[in-house]
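There are 2 protein chains.
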Amino acid sequence: MATLSDVARRAGVSPATASRVINGSSKPVTDELRERVLAAVAELQYVPNAHAQLLARSHRSAVGVIVHDVSDPYFAEITRGLQRVATDQGRLLMICNSYRDPDRELEYVELLRGHQVAALILAGSGYHDEAFTRQLNEKLAAYEATGGRVAVIGRHEHSGDAVMPDNRAGGYLAGRELCGLGHRVIGVVAGPRILTTTTDRLAGLRQALTEQGRDLPERRIRYAEFDRDGGAEATARLLDADPELTAIVALNDSMAIGALATLRARGLAVPQQISVVGFDDMPIARDVTPALTTVRLPLVDMGVRAMSLVLGAEVAAPRVEVLPAELIRRDTAGPVPLAARVSAGSAPRARRGDAAS
Amino acid sequence: MATLSDVARRAGVSPATASRVINGSSKPVTDELRERVLAAVAELQYVPNAHAQLLARSHRSAVGVIVHDVSDPYFAEITRGLQRVATDQGRLLMICNSYRDPDRELEYVELLRGHQVAALILAGSGYHDEAFTRQLNEKLAAYEATGGRVAVIGRHEHSGDAVMPDNRAGGYLAGRELCGLGHRVIGVVAGPRILTTTTDRLAGLRQALTEQGRDLPERRIRYAEFDRDGGAEATARLLDADPELTAIVALNDSMAIGALATLRARGLAVPQQISVVGFDDMPIARDVTPALTTVRLPLVDMGVRAMSLVLGAEVAAPRVEVLPAELIRRDTAGPVPLAARVSAGSAPRARRGDAAS
DNA sequence: TCCCTGCGGGAAAGGGCTTTCTCTGCGGTA
DNA sequence: TACCGCAGAGAAAGCCCTTTCCCGCAGGGA
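Here the protein sequences line up with chains A and B, keeping their order.
Read in my numbering, the first sequence has 131 at position 84, and its numbers run on one by one without any break.
Read in my numbering, the second sequence has 294 at position 247, and its numbers run on one by one without any break.
I should point out that these hints are in silico values taken from the structure, not numbers from a laboratory.
For clarity, every value in this text was computed on a predicted model and none was experimentally measured.
Be careful, since some hints might not be right.
You can't tell identical chains apart in this list, so a pair holds if it fits in one copy or across any two.
[Said to hold, decoys possible] Calculated cross-link-like contacts (lysine to any residue; reagent style SDA-like; alpha-carbon spacing at most 20 Å):
| id | residue 1 | residue 2 |
| --- | --- | --- |
| 1 | Lys74 | Pro330 |
| 2 | Lys186 | Leu85 |
| 3 | Lys74 | Arg147 |
| 4 | Lys186 | Leu51 |
| 5 | Lys74 | Arg107 |
| 6 | Lys186 | Thr336 |
| 7 | Lys186 | Ser145 |
| 8 | Lys186 | Ala360 |
| 9 | Lys186 | Leu80 |
| 10 | Lys186 | Ala97 |
| 11 | Lys74 | Ser118 |
| 12 | Lys186 | Tyr174 |
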């Protein structure tokens with residue numbers, strides 16, 4: 048690889064001058080030398096060594112991002128928002144996939160710190176794990192102590208800037224919608240229970256049901272991976288345990304799609320026999336058939352906000368921006384079936400009648 | 048930020064010793080010093096400066112990857128394959144999204160070269176653009192001249208190692224399938240015509256139709272963006288121009304999903320009234336309703352192969368691995384409707400009869 | 001006793017670039 | 001004519017590590 052001094056030698060100038068020409072320094076250089084340098088660069092196909100540049104400049108400019116998986120639509124959307132702001136400000140993004148492995152998350156914090164990023168953004172659910180949370184906070188604090196900026200998206204841990212989708216309110220919306228449609232026996236296809244996202248959404252949902260005089264016993268909740276196959280499998284288990292289910296809330300859209308697949312496989316008509324509500328409103332939600340009723344989160348906006356926080360002026364008090372959830376009514380949630388409505392009261396009498404029909 | 052010499056000073060050793068401890072060098076260090084260094088590292092929350100390390104080691108280890116967009120399922124799958132091999136070999140991946148902008152692609156080649164990557168992988172369609180192709184090849188050649196390895200996935204440009212999905216054969220399979228089902232009036236929802244992927248798939252499709260005595264006039268092809276909305280829009284235009292269409296081939300699955308959306312909006316039953324065949328078999332293809340009949344490409348495997356080529360032994364002759372396409376029959380392609388079969392001969396007489404019915 | 005060997009540790013030389021500081025030479029002013 | 005100031009170029013000092021080379025010392029063999 049050609050180096051800067053190769054270029055300088057070839058152009059018959061000092062490395063300093065070559066550097067100035069190449070980087071468009073403010074220091075003036077005569078046109079003749081400039082031309083010679085540029086010619087040398089072209090002839091040698093010279094590309095500056097980024098590591099050397101970064102080291103010499105000791106100029107923190109890149110921003111580190113830790114997500115579960117960029118190719119997961121939830122994070123893809125958030126990343127789109129992050130990217131938009133970063134590009135506007137001429138920042139490079141370093142994106143790392145933790146695949147929801149806490150250890151890997153910790154490692155990536157160090158890795159990114161080592162790469163001298165100007166800021167760090169952690170997106171995705173936090174964990175109900177005391178030890179991990181403490182460790183993470185220590186690392187983040189150490190990073191902040193050296194001037195690094197940190198923001199989190201959708202997790203509570205961090206004491207500093209945060210962008211929070213209103214998961215709880217979203218869960219509430221889903222619950223209220225189904226209650227309004229007359230459903231009483233509602234199952235939940237949930238993500239891993241160690242994730243705060245799962246428990247937050249669940250809490251909102253439970254609150255809505257309670258307010259409407261329904262309940263949400265643990266046996267109507269199935270925890271699985273937060274993806275399509277997890278949703279399919281959890282739905283199957285739910286159905287096996289409780290055939291009287293008239294509605295399912297999936298705690299994200301991927302799981303909802305898995306749920307729809309299982310329901311289709313079992314010949315259950317959606318929404319005539321059973322309703323489904325998803326969560327997140329990822330792009331594909333409108334294209335499945337029937338189109339998915341779901342709770343929308345402003346994902347791109349979340350990314351935009353987080354990056355703005357982290358690149359904006361430093362403020363003494365930590366800022367927490369809560370972004371609202373919104374119910375998107377499409378075609379997977381309908382009124383409770385008549386048969387189920389008859390047996391609605393959970394009195395044994397009604398149950399028997401239902402079973403006999 | 049604490050530096051190595053801070054650590055060394057605190058531990059009362061030389062930077063050399065500190066470095067050896069931290070990096071687990073093969074050179075032996077007494078336990079006492081080791082402990083002192085480790086303690087200092089912990090106290091100072093020391094993290095090595097990655098740029099300095101990379102510079103000092105001058106050790107090309109990372110691999111650069113340029114794709115259209117990692118969050119596009121097509122590339123997400125390929126990337127999964129790349130990642131798998133890279134992780135096995137302890138390589139870091141630097142992934143860049145070109146968003147199908149040739150200039151950005153060129154820039155990223157330089158950027159990655161500057162970052163001293165050991166190899167470069169370009170995934171995604173090439174362009175019918177002489178000037179760009181030449182420029183790209185020059186840059187790649189310059190990189191290879193300095194010992195860099197290069198492989199491309201799904202593009203013809205490069206003269207070296209390549210992994211090629213058999214796009215042409217895939218197009219052929221789609222065409223043969225539809226002909227076999229009796230379709231005669233087949234429309235194509237195509238990606239941008241500047242992409243070689245588009246033209247390759249189209250060529251295979253055209254060959255199949257020709258062999259079966261059908262033709263594929265330009266007016267039955269609509270070019271649009273290679274995504275959902277492009278597919279939806281192109282389908283609408285196609286339908287407007289040619290209401291007699293009984294089948295649509297979408298040149299990738301995203302477009303196929305857009306096509307299904309348009310057909311649904313217009314109340315056309317799939318596959319009873321009109322058939323649809325996609326391309327790529329991305330994961331969501333099985334979850335749309337009806338499940339998408341499509342041409343599968345071994346995406347993950349393509350990534351695996353490419354990374355293996357590039358990290359494996361250097362070989363004099365460039366290797367080109369062609370990976371086969373496979374037709375996946377699901378539910379969107381069915382026999383041509385009876386009405387259309389009657390009017391199959393393009394004789395005016397039959398047409399009139401059809402219109403009267 | 002002497003020399004050689006080998007081990008544990010430090011000094012110092014890069015690695016390639018940026019940037020400050022210094023120097024030279026020229027034009028302009030007193 | 002003497003001096004000042006400034007423009008334009010180069011010398012050199014980092015930036016923070018890694019790794020080679022070298023040194024001192026202790027132990028073992030002759």
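The hints, checked one at a time:
1. Lys74 with Pro330: neither (50 Å within a copy, 55 Å between copies)
2. Lys186 with Leu85: between (44 Å within a copy, 17 Å between copies)
3. Lys74 with Arg147: Classified as neither; 49 Å inside a copy, 36 Å across copies.
4. Lys186 with Leu51: between (37 Å within a copy, 18 Å between copies)
5. Lys74 with Arg107: Classified as neither: same-chain Cα gap 23 Å, cross-chain 33 Å, threshold 20 Å.
6. Lys186 with Thr336: neither (45 Å within a copy, 47 Å between copies)
7. Lys186 with Ser145: Within. Shortest intra-copy distance 16 Å satisfies the 20 Å Cα cut-off; inter-copy 33 Å does not.
8. Lys186 with Ala360: Classified as neither; 22 Å inside a copy, 40 Å across copies.
9. Lys186 with Leu80: neither (48 Å within a copy, 25 Å between copies)
10. Lys186 with Ala97: between (27 Å within a copy, 17 Å between copies)
11. Lys74 with Ser118: neither (44 Å within a copy, 42 Å between copies)
12. Lys186 with Tyr174: within (16 Å within a copy, 46 Å between copies)
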